[in-house]
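Asker: The numbering used here numbers the first residue of the sequence shown as 393 and each following residue consecutively.
The hints are simulated quantities; they were obtained by calculation from the structure and are not laboratory data.
Be aware that one or more of the hints could be misleading.
[To be verified] Below, a list of computed lysine-lysine pairs in the DSS-like style, where the Cα atoms sit at most 25 Å apart:
{"id": "1", "residue 1": "942", "residue 2": "816"}
{"id": "2", "residue 1": "555", "residue 2": "1055"}
{"id": "3", "residue 1": "1134", "residue 2": "991"}
{"id": "4", "residue 1": "689", "residue 2": "837"}
{"id": "5", "residue 1": "883", "residue 2": "1055"}
{"id": "6", "residue 1": "944", "residue 2": "694"}
{"id": "7", "residue 1": "1158", "residue 2": "1139"}
{"id": "8", "residue 1": "883", "residue 2": "689"}
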Amino acid sequence: MKFSGWAPVSRMRAQRRIVGVVAIGAVVAASLAGVSAGPADAADGAGSAAAPALGAGRYIVMLREPSATGLAAGATTGSFDARSARVTSYRAHLRQTHTTIARQYGARPLANFTAASNGFAADLTGEQASALSVDRRVLLVEKSRTLKPATWHSPKFLGLTGKNGAWSSHGGRQAAGAGVVVADLDSGIWPESESFSGERLTKKAKTPWDISRRGSATRMEKADGGVFRGECVIAQKWDKGDCNTKIIGARYYGDSFLASVPAADLAATEQLSARDGGGHGTHTASTAAGNRVANVKTEGRKFGTVTGMAPAARIAVYKVCWEADNPDDSGCNNIDSVAAVDQAVIDGVDVINFSVGGGASPTLDATEVAFEGAAEAGIFVSAAAGNDGPGASTLDHPAPWVTTVAASTSYRFEGTIVLGNGKKIVGASVSSTSVKQTRMVDSAKAAASGSAPGDSDLCGPKSLDRSKVQGKIVICQRGTYDRVVKSDEVKRAGGIAMILVNPSENSLDADFHAIPTIHISDTDGVKLFKYVDQLGAKATASFEPGNQTKHKTPLPQLAGFSAHGPTLVSEGDLLKPDISAPGVSILAAVSPPSNSKRKYDLYSGTSMAAPHITGLAAFIQSVHPSWTPMEIKSAMMTTAVPTKTDKGRASRDALGQGAGQVKPRRFFDPGLFVTSDATQWRGFLTQQGIDTGVPALQPKQVNVPSMGDGSVTSQTTFRRTFRATRAGVWSIKSDVPGFRLKTSPAKVRSERRGDLVDVKFTFVRKDAKLNRYAQGAVTLSGPTAVRLPVALKPVSVAAPATLSGTGVSGSASATVTAGFTGSLDVTPRGLDKSDTVVASVAPKAESYQCVTVTPGTSLAKFQVDVHDDTADLDLVVLAAESCDPESAFALAGQSGTASGDEAVTLRNPPAGVYIAEVSGFSAGDAGSPMAFDFDFWDLDASATAGSLAVTPDPVPVRSNQKASVQVSWSGLDPASKYLGYLAYANSPGITLLDVTTP
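Sequences are here, hints too, so could you generate the full structure?
Answerer: In structure tokens:
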């Protein structure tokens, strides 16, 4: 154990408890909260900002008392009325509660959230934030943060158009989305675009939905019988004429963003209004619900007709993303986003698009919690999965009430490179210009004098030597800089064309470049460089438009950038993403000033995929206004089809594609629904450490139309409830390699619409490889085909979480259940001795203990043991720069049970200073102050006390049978506390070993 010194500091404060901000390593028995982010488009050169310090700053404080949408226990039917007397009174009560709690900590609310979530924003010191985080009335405390940004052919590709298309079968294109309001939480909108043209709003109601405006207030009667009441906020370069019968709401949220990026530092194209300063929001809004626009032409290329997925839907804009003069400062603030969600619920929108994300996190953030409230109000939420793929556990938006969308390809924008030896390489290109046989040069060998090392490899600005590039085709590596910036540099240096090469697996993007450009894969890059290395300066190539080879590129394929599961939040026990949609080279409206004066442009990213699902949800709701968000989600997922591999085969990558590519022709008749509800969502939140008062529910128990288990020993069981939309019998078949499926009952039988059928699915491992996901699907075949994606990870053993022993020498036995037959390798780690510190703390006060985690530590544990078992203490662990609590920059973990014994265990924590904050919640029979023991263990390479040994070694095991593992030690110091653990080959689980000596 390594103490950095400790100081029992007492500061009187209100009762406190629960949850924090940024995860440090993997946390055992601790609740954390993540942070929000920026638009999830796949532009290169955008990196994530560092986690904010936990010191002074702006925070969002979410409270445990239900929000207004949760007041009715979550009907999820869309019946929520924010303006009813009951809800209005309750929201007033919540605002008063916010003021009361904030004042108790010397703060004041800057904004109140009462509809989708219950909380407030406030400027706090680090001490105030820490104190609030463990107040038992508080659900979550999260610091203000801004991160970087994560359809023309789409309708035809998805089967919406044509005589037998989904539009024609359900009222026609002109009715798709009619009576539905789509909320786009993004960078605003460009109202002059034809994609958003509409009639001028007046007091007189217009359209069949009676859309009107009085002053800045707008109103629309909706297909579900509800009423949308929005506002057209008059602001910078936005007047009342910018709203119309298409754009029926325009609000902007920037208070928290502008607190860190002043208005003077915004980009020249940015406005303090709902007007789009970047183009991202215009693109997503037009993809979801843009009008039909004919004869679209961009950069001399004719694209024909462009339309959104639900062209008859109306758009309400909630601007939360901002462009800064310094691109590194651009993004979307988490607190502003929560405020926008809250207002969208109050206004009465039907569908929310959120093409924004902060990357993978082991915790749920404030925005995700706000979306739970929106879902309870009957609002469908579509969110981008993120662009950090194709690696595992890179996915954002892991909650079951959100529809998380992966990106796939939908059109072949292609060009062909013809090498001097006649070999052909196909890549992505929007250029229709041929390039004759020309000498090539590797940009790495064409560096300009004085350029930064490695910059020329990436064709960064001013990195190329004109004398080496002039008149040649230049080969550039993808990365760091925007793709189009690279072609700008090649043109500046005199190059006539560019070949852009992926250095690793990623998407191929057809951008509008300054010169003819073809973007090729990492595998084709190897072939290209081999040819160039062989011929040197004599290497040549030509460009030909289109695919000039015999191999037709399969569609759709999962985009290389699309983020993958398993989710860190549920450790693989809740399968995400949910579904895939087009997200590569999507043509849609943009804001011309920030897009080289283009009115329509090609963007790529899961940001572009999410609004496809958003618009399709609006389409469904216009046809079936009574369907709940989870019924819409279920219908989309169970009728989706697998994407394709690069060889044209059906993909099994459930952790990448979810249920697969959405199929509009099928989702109106799903046959069976598989839906979760508010009670399950709250149980899921409680399981994540955000105590809602509903008993914890394990992720795999949530009734979603998918099945995932990240730790299968021999077999695993799921229970799913199906609700029929028609009578029929469905047989059940599994296609998950290495597993056999048993179900009870054997078939799903429905006598009538609305019947509920519970099915028990038991997957038994046959020969699936250990520690590697087996992915596939379960298909129910009958009047309809119902497909549920499955991802199962077999592990070697199920072992106890803890094991205890006593004595300076001794042993303890653990009973494990094996997932295979053979020999199990068990590795002991430790033991480490704690130098126990005895301290005390009064109720409503705190004591700090400062320790150091050394480099190479595989496990660290912080423990508090109160002397009076009737007293109640709480424990928070902070990562810090020093032993000064104000230097804390991340919440590593917390434990706040109803007892006085608390512990936080961190797996593979970063080295550095950590502060354990012990707070007194309530005194027990022994009164105040409350004495306690504080222990800290740091298991690095030097922690070898007791010479731990395992017998037998290895352990012979049989699948699904119990076996005994004995661990022994000797030579420990008396009157001491030791900690170690057992690690098991091909299993992520460990067994903590506590040894005390008399």
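Asker: Each hint: holds or not?
Answerer: Okay, the hints, checked on the actual structure:
{"no.": "1", "hint": "942 / 816", "verdict": "holds (10 Å)"}
{"no.": "2", "hint": "555 / 1055", "verdict": "holds (16 Å)"}
{"no.": "3", "hint": "1134 / 991", "verdict": "violated (55 Å)"}
{"no.": "4", "hint": "689 / 837", "verdict": "violated (38 Å)"}
{"no.": "5", "hint": "883 / 1055", "verdict": "violated (42 Å)"}
{"no.": "6", "hint": "944 / 694", "verdict": "holds (23 Å)"}
{"no.": "7", "hint": "1158 / 1139", "verdict": "holds (23 Å)"}
{"no.": "8", "hint": "883 / 689", "verdict": "holds (24 Å)"}
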